[in-house]
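There are 2 protein chains.
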Amino acid sequence: MQSLEIIGLIAGACTTFSFVPQILKMWKSKSAKDISLGMYCIFSTGVILWVIYGAYINSLPLMIWNAVTLLFVLLIVYFKLRWK
Amino acid sequence: MQSLEIIGLIAGACTTFSFVPQILKMWKSKSAKDISLGMYCIFSTGVILWVIYGAYINSLPLMIWNAVTLLFVLLIVYFKLRWK
Numbered sequence: 000m001q002s003l004e005i006i007g008l009i010a011g012a013c014t015t016f017s018f019v020p021q022i023l024k025m026w027k028s029k030s031a032k033d034i035s036l037g038m039y040c041i042f043s044t045g046v047i048l049w050v051i052y053g054a055y056i057n058s059l060p061l062m063i064w065n066a067v068t069l070l071f072v073l074l075i076v077y078f079k080l081r082w083k
Numbered sequence: 000m001q002s003l004e005i006i007g008l009i010a011g012a013c014t015t016f017s018f019v020p021q022i023l024k025m026w027k028s029k030s031a032k033d034i035s036l037g038m039y040c041i042f043s044t045g046v047i048l049w050v051i052y053g054a055y056i057n058s059l060p061l062m063i064w065n066a067v068t069l070l071f072v073l074l075i076v077y078f079k080l081r082w083k
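These protein sequence lines are chains A and B, in that order.
The first sequence lines up with residues 0 to 83 when you count with numbering that gives the first Met the number 0.
The second sequence lines up with residues 0 to 83 when you count with numbering that gives the first Met the number 0.
So here's chain A without its partners, still in its complex pose:
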């Protein structure tokens, strides 16, 4: 694998899995007061569009990274609605 591909892979892993600490924090504290619902709704919309864009240009990494991100982000939306 070329160094360029590795950079793209690590970049995608970081921006996707960065949501895990936020999920764990909310899960432990059962609190979501400071979380912006607006942010995660807009972000979800963007991520869905990235999946569609990825499908159009036949980019499997773009589709997979964004699909996984969407799962994490929707979980944060659910926690926010549950714990306010």
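No wet-lab data here; the hints were simulated from the structure.
Careful, some of the hints might be misleading.
Claimed, not checked - Computed cross-link-like contacts, DSS-like style, restricted to lysine-lysine with a CA-CA straight-line distance of at most 30 Å:
hint	chain 1	residue 1	chain 2	residue 2
1	A	Lys27	B	Lys27
2	B	Lys24	A	Lys79
3	B	Lys79	A	Lys79
4	A	Lys29	B	Lys79
5	A	Lys32	B	Lys24
6	A	Lys32	B	Lys79
7	B	Lys29	A	Lys29
8	B	Lys24	B	Lys83
9	A	Lys24	B	Lys83
10	A	Lys32	B	Lys83
11	A	Lys32	B	Lys27
12	A	Lys29	B	Lys27
13	B	Lys32	A	Lys79
14	B	Lys83	A	Lys83
15	B	Lys29	A	Lys27
16	B	Lys27	A	Lys79
17	A	Lys32	B	Lys29
18	A	Lys83	B	Lys27
19	B	Lys29	A	Lys24
20	A	Lys27	B	Lys32
21	B	Lys83	A	Lys29
22	A	Lys24	B	Lys24
23	B	Lys24	A	Lys29
24	A	Lys79	B	Lys83
25	A	Lys27	B	Lys83
26	B	Lys79	A	Lys24
These numbers were taken from a predicted model, which means no experiment stands behind them.
For this one, chain A is given, so just place chain B on it according to the hints.
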């Protein structure tokens, strides 16, 4: 502009500007208790790598969207450190 480019443009705008409502919420409440510092540190790293990746592949949109995102995300990190 083709519909494909428009989808990519809206996707980028959503995932970049989604952080604005979070910034405004923190600014108004002066509170950041539920925000995960770990999330924003890992996300910043990812975004920096996307800028580098964008530079390598000569993708100006990738560089610009991620550079703007980085500004927003670093502001959230600053607020988090300031208001805990």
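Hints that the structure is at odds with (numbers, increasing)
none
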